[in-house]
Amino acid sequence: MTPSREDSAISMDFDHQPVMLQEILETFELLEDGLFVDATIGGGGHAEALLSGAPQRELVGVDRDESAVQVASARLKRFGDRVQVHHARFDEISTILDDDRPLTGAIFDLGVSSHQLDTPERGFSHRFASPLDMRMDLSASLNASTVVNSYDEDELAYILRHNSDERFARRIARSIVAARPIESTTELAELVRNAVPAATRRTGRHPAMRTFQAIRIAVNDELGLIEPALKQIIERLRPGGRIVVLSYHSGEDRIVKQVFREAADGVCVCPSTLPCICGSESSVKLLRRKVVRPTPEEIEANPRSASARFRAAERLSVGEA
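Oh and the sequence shown: position 50 is 49 in numbering that gives the first Met the number 0, straight run, nothing missing.
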């Protein structure tokens, strides 16, 4: 079938360099067979490299963005029944996987994709004039317009502080409430620019970037889904199986770090005044204690990789810790 002009445009938008691909391939280098999960398959770049590198690997990919599912499915079609791609959130992976089959590896590439940022009508970016949307899954009910135009000042200020560490959260929230209704991304961006101190406006980044990030995270409940999804996957890994997570801001990375550290330390859940009876023990070992960042060469070739943070862990056998 000849791809439509629209499909071709989507494919081109998704055709970008997968972030920290070399580090991911090295992490899974010795795991040459079994079932892998790409929990945020996007354009399928990481998945394609994994499947190409070892013919005994199989992969289940998920994404909450239907355009990503379409593009990844087309890109990976040549691998036949070695790959399945599903439209789902990554915290729903357990409902898709075969209950009896353990995982060899998993990848989470968190955050917003370049395609989503660069598609004006999706409303993710302050750079384009569009309606306030920001939904990764277009079938979801909550969108950015609802957050901006119906949340009260306290709720907005909390979202801005919690999701993006915005220093001027209260000032921006107050300005949003006073200016309602706000209908477009450019209107919101200009409002934020005027709400922050003049000195902040003169910095290199647009002052609305943090606000757009915070609202996007709220619309898609991005932070709330990370912990349950990671715990599901860690539980499904076979001994020696590995999990890699790429995060792009401090809020995401804090959650990933906490989940990995708790799994590595075997955190006891018993009351501190009583002997431990929960049988808590380490379930993973951290492959690197400190976060890994992209190389200067990768950042030069792909500037959007600059904020990436790489963490990885390996599943332990029972009693191995």
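Treat each hint with caution, since some may be false.
Below 27 angstroms or equal to it, Euclidean Cα-Cα: the simulated BS3-like pairs (lysine-lysine) are [what the hints assert, rightly or not]:
| # | residue 1 | residue 2 |
| --- | --- | --- |
| 1 | 256 | 289 |
| 2 | 230 | 289 |
| 3 | 230 | 284 |
| 4 | 256 | 230 |
| 5 | 284 | 256 |
Label pairs and their in silico Cβ distance ranges [said to hold, decoys possible]:
| # | residue 1 | residue 2 | range |
| --- | --- | --- | --- |
| 6 | 77 | 173 | 49 to 57 angstroms |
| 7 | 154 | 208 | 39 to 47 angstroms |
| 8 | 200 | 98 | 50 to 58 angstroms |
| 9 | 288 | 119 | 56 to 64 angstroms |
Just so you know, the hints here were simulated from the structure itself, not pulled from any lab data.
Positions of the beta carbon are idealized from the N, C-alpha and C atoms, including for glycine.
Going down the list of hints, with the structure as the test:
1. Only pairs whose Cα atoms come within 27 angstroms are accepted, and residue 256 paired with residue 289 is accepted, the gap being roughly 10 angstroms.
2. Our distance criterion of 27 angstroms between C-alpha atoms is met by residue 230 and residue 289, whose separation comes to about 20 angstroms.
3. Of the pairs offered as hints, the one joining residue 230 and residue 284 holds, with about 14 angstroms between alpha carbons and a cut-off of 27 angstroms not exceeded.
4. A distance of roughly 12 angstroms separates the Cα atoms of residue 256 and residue 230; the hinted pair therefore holds under the 27 angstroms criterion.
5. The straight-line distance between the Cα atoms of residue 284 and residue 256 is roughly 12 angstroms, inside the 27 angstroms bound, and the hint therefore holds.
6. Checked against the hint of 49 to 57 angstroms, the pair residue 77 and residue 173 passes, with Cβ atoms roughly 54 angstroms apart.
7. Judged by the Cβ atoms, the range 39 to 47 angstroms given for residue 154 and residue 208 is violated: they are separated by roughly 20 angstroms.
8. The hint said 50 to 58 angstroms for the Cβ distance between residue 200 and residue 98, and at roughly 54 angstroms that hint holds.
9. At roughly 42 angstroms, the beta carbons of residue 288 and residue 119 sit outside the given window of 56 to 64 angstroms.
In summary, the structure is inconsistent with hints 7 and 9 from the numbered list given earlier, while agreeing with the others.
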